[in-house]
Amino acid sequence: MSPGSVIGRGAVVRGNVRGEGSLEILGRVEGDVNVSGDVVLGESGVVRGNVSGVELSIAGTVQGDLRGSQSVLLERGARVVGDLSAPRIGVAQGALVRGTVRTDGEPALAGAARRGAQLHAPRPAPAAAPPKPFVVKEAPKPLVSEEPEAEAPKPEAKHEPKPEKEKESSPRERERPPAPVVPALGKGAKAKKKRREA
Amino acid sequence: MAGTVIGEGLSIEGDLTSDEEVVVHGTVRGKLTTSDAVTVGGTGSVQADVSGSSVSIAGQVTGDVTAQERIDLQAGGRLVGDVKASRFTIADGASFKGNVDMEM
Numbered sequence: 226m227s228p229g230s231v232i233g234r235g236a237v238v239r240g241n242v243r244g245e246g247s248l249e250i251l252g253r254v255e256g257d258v259n260v261s262g263d264v265v266l267g268e269s270g271v272v273r274g275n276v277s278g279v280e281l282s283i284a285g286t287v288q289g290d291l292r293g294s295q296s297v298l299l300e301r302g303a304r305v306v307g308d309l310s311a312p313r314i315g316v317a318q319g320a321l322v323r324g325t326v327r328t329d330g331e332p333a334l335a336g337a338a339r340r341g342a343q344l345h346a347p348r349p350a351p352a353a354a355p356p357k358p359f360v361v362k363e364a365p366k367p368l369v370s371e372e373p374e375a376e377a378p379k380p381e382a383k384h385e386p387k388p389e390k391e392k393e394s395s396p397r398e399r400e401r402p403p404a405p406v407v408p409a410l411g412k413g414a415k416a417k418k419k420r421r422e423a
Numbered sequence: 037m038a039g040t041v042i043g044e045g046l047s048i049e050g051d052l053t054s055d056e057e058v059v060v061h062g063t064v065r066g067k068l069t070t071s072d073a074v075t076v077g078g079t080g081s082v083q084a085d086v087s088g089s090s091v092s093i094a095g096q097v098t099g100d101v102t103a104q105e106r107i108d109l110q111a112g113g114r115l116v117g118d119v120k121a122s123r124f125t126i127a128d129g130a131s132f133k134g135n136v137d138m139e140m
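First to last, the protein sequences are chains A and B.
One point on numbering: in the numbering used here, the residue at position 172 of the first sequence is 397, and numbering is uninterrupted.
One point on numbering: in the numbering used here, the residue at position 104 of the second sequence is 140, and numbering is uninterrupted.
Don't take each hint at face value.
[Said to hold, decoys possible] Far from chain A, some chain B residues (derived; all Cβ distances over 10 Å): (1) E56; (2) E57; (3) T63; (4) Q104; (5) D108; (6) A130; (7) K133.
[Stated by the list, open to error] Straight line, CA to CA, 20 Å or less: simulated SDA-like cross-link-like pairs of lysine to any residue: (8) B/K67 - A/R243; (9) B/K133 - B/Q110; (10) B/K120 - B/A130; (11) B/K67 - A/K419; (12) B/K67 - A/N241; (13) B/K67 - B/S87; (14) B/K67 - A/G256; (15) B/K133 - B/R114; (16) B/K120 - B/Q104; (17) B/K67 - A/A414; (18) B/K67 - B/D55; (19) B/K67 - A/T328; (20) B/K67 - A/D263; (21) B/K67 - A/A284; (22) B/K120 - B/N135; (23) B/K67 - B/S89; (24) B/K133 - B/G78; (25) B/K67 - A/R234; (26) B/K120 - B/D108; (27) B/K120 - B/K133; (28) B/K67 - A/G244; (29) B/K120 - B/E49; (30) B/K133 - B/R106; (31) B/K67 - A/V237; (32) B/K67 - B/D51; (33) B/K67 - B/T102; (34) B/K67 - A/D290; (35) B/K120 - B/Q83; (36) B/K133 - B/A111.
To be clear, the hints were calculated from the coordinates, so they are not data collected in a lab.
Glycine included, C-beta positions come from ideal geometry on N, C-alpha and C.
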């Protein structure tokens, strides 16, 4: 292909730079850089926008995200405010980064999202469960609205789903239910309980 | 080595301003301004107003071209737009459409 492209020290680009081949930036780019080859940002280089390429070598200033399909390397003197993502990321001593650094790019993102969903999903269930025991045995109604799938099995086995939930959240429930019983113990108990809740 | 080189296959959409030489083998859409020389190579395509100290065109330029010193439209070059420079040459085999203003 052609010899690589260079945006010279005294050059300013206001707009997007994209295309094939490698690119060396010694000047200033105010816009996105999207190249199918390597990107070298010299010490004098400044980019305000996202940069994507195969291997990014950054020694200048970037205000935007860096995405390398192979690697992102921040050299000494680099100043980056933005996220880094690439299978391989290197940050040299003396480089400045403010942003999220993520290796492996999008696959890791998807995995993290799943993990996040798993963490969040179980929380609503135990949170909803504790109030039900307090409402005595007439609680099943909210259950119907919350879990339409559970409607069918209910007439056959009303008691079965409840014990399961109690087992699931039993440690938390046992810690909480005793609290209402406490007032019988003494005068200061309610105040102490309120302090704890507050 | 020229200050700025836009390689073949690379395109800039927006303004390019420089105080160094600019060589275009790729594409520039928008505006191209420098206080030094501008060279548009055979594979270069510029859809922008071009301004420089001297401008040499071997590729395609669509837009007005202004030079402080001279403009050379080389063989194979193609220019559509108005030209403003004190010296202007059109080589044999070049194509040109536009007005010429050789300010005195």
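Cross-check of the supplied hints:
1. Distance to chain A contradicts B/E56 as a non-interface residue, since its nearest Cβ pair spans about 4 Å, not more than 10 Å.
2. Some Cβ of chain A comes within 10 Å of the Cβ of B/E57; the nearest lies about 8 Å off, and the non-interface call is violated.
3. A Cβ of chain A approaches the Cβ of B/T63 within 10 Å, the least distance being about 8 Å, so the stated non-interface status is violated.
4. Once the 10 Å rule is applied to beta carbons, B/Q104 is consistent with being away from chain A; the minimum gap is 17 Å.
5. No beta-carbon of chain A is positioned within 10 Å of the beta-carbon of B/D108; the least distance is around 21 Å.
6. With a minimum CB-CB distance of about 23 Å to chain A, B/A130 clears the 10 Å threshold, and the non-interface call stands.
7. For B/K133, the non-interface assignment is confirmed: its Cβ lies about 26 Å from the closest Cβ of chain A, beyond the 10 Å cut-off.
8. A threshold of 20 Å between alpha carbons decides the hint, and for B/K67 with A/R243 the separation of about 16 Å falls inside it, so the pair holds.
9. As the CA atoms of B/K133 and B/Q110 are separated by approximately 14 Å, the hinted pair is consistent with the 20 Å bound.
10. Of the supplied pair hints, the one linking B/K120 and B/A130 holds, its CA atoms being roughly 17 Å apart against a limit of 20 Å.
11. Taking the CA atoms of B/K67 and A/K419, the gap is about 70 Å. The hint is violated against a cut of 20 Å.
12. Using a Cα cut-off of 20 Å, the hinted pair B/K67 and A/N241 holds, with the two alpha carbons roughly 13 Å apart.
13. For a cut-off of 20 Å, the pair hint linking B/K67 to B/S87 stands: about 9 Å separates their Cα positions.
14. Note on B/K67 and A/G256: the hinted pairing holds, with a Cα-Cα distance of about 15 Å set against a maximum of 20 Å.
15. Straight-line distance between C-alpha atoms of B/K133 and B/R114 comes to about 8 Å, which keeps the hinted pair within the 20 Å bound.
16. This hinted pair checks out: B/K120 and B/Q104 have alpha carbons roughly 8 Å apart, not beyond 20 Å.
17. A threshold of 20 Å between alpha carbons decides the hint, and for B/K67 with A/A414 the separation of about 78 Å lies outside it, so the pair is violated.
18. For the given pair, B/K67 sits about 14 Å from B/D55 by alpha-carbon distance, which is consistent with the 20 Å threshold.
19. Our distance criterion of 20 Å between C-alpha atoms is broken by B/K67 and A/T328, whose separation comes to about 38 Å.
20. Simply put, B/K67 and A/D263 have alpha-carbon atoms about 25 Å apart, too far for the 20 Å limit, and the pair is violated.
21. Between B/K67 and A/A284 the alpha-carbon distance is near 28 Å, which puts this suggested pair outside the 20 Å criterion.
22. Pair hint B/K120 plus B/N135 holds up; C-alpha atoms about 8 Å apart against a cutoff of 20 Å.
23. Among the hinted pairs, B/K67 with B/S89 is consistent with the structure: their alpha-carbon atoms are about 15 Å apart, no more than 20 Å.
24. Only pairs whose Cα atoms come within 20 Å are accepted, and B/K133 paired with B/G78 is accepted, the gap being roughly 18 Å.
25. With a C-alpha separation of about 18 Å, the suggested pair B/K67 and A/R234 falls inside the 20 Å cut-off, and the hint holds.
26. At most 20 Å may separate the alpha-carbon atoms for a hinted pair to count; B/K120 and B/D108 meet this at roughly 12 Å.
27. Simply put, B/K120 and B/K133 have alpha-carbon atoms about 13 Å apart, close enough for the 20 Å limit, and the pair holds.
28. With a CA separation close to 18 Å, the supplied pair B/K67 and A/G244 stays within the 20 Å bound.
29. Straight-line distance between C-alpha atoms of B/K120 and B/E49 comes to about 24 Å, which puts the hinted pair past the 20 Å bound.
30. Restraint check: the Cα-Cα separation between B/K133 and B/R106 comes to about 18 Å, which is no more than 20 Å; the hinted pair holds.
31. Taking the CA atoms of B/K67 and A/V237, the gap is near 11 Å; set against the 20 Å cutoff, the hint holds.
32. Proximity of B/K67 to B/D51 is assessed by CA-CA distance (about 5 Å); at most 20 Å being required, the pair is judged to hold.
33. For the hint linking B/K67 to B/T102, the alpha-carbon distance of about 12 Å falls within 20 Å, and the restraint holds.
34. This hinted pair does not check out: B/K67 and A/D290 have alpha carbons roughly 26 Å apart, beyond 20 Å.
35. Restraint check for B/K120 and B/Q83: satisfied, since their Cα atoms lie roughly 17 Å apart, inside the 20 Å limit.
36. A threshold of 20 Å between alpha carbons decides the hint, and for B/K133 with B/A111 the separation of about 15 Å falls inside it, so the pair holds.
Against the hints set out earlier in the document, violations occur for numbers 1, 2, 3, 11, 17, 19, 20, 21, 29 and 34.
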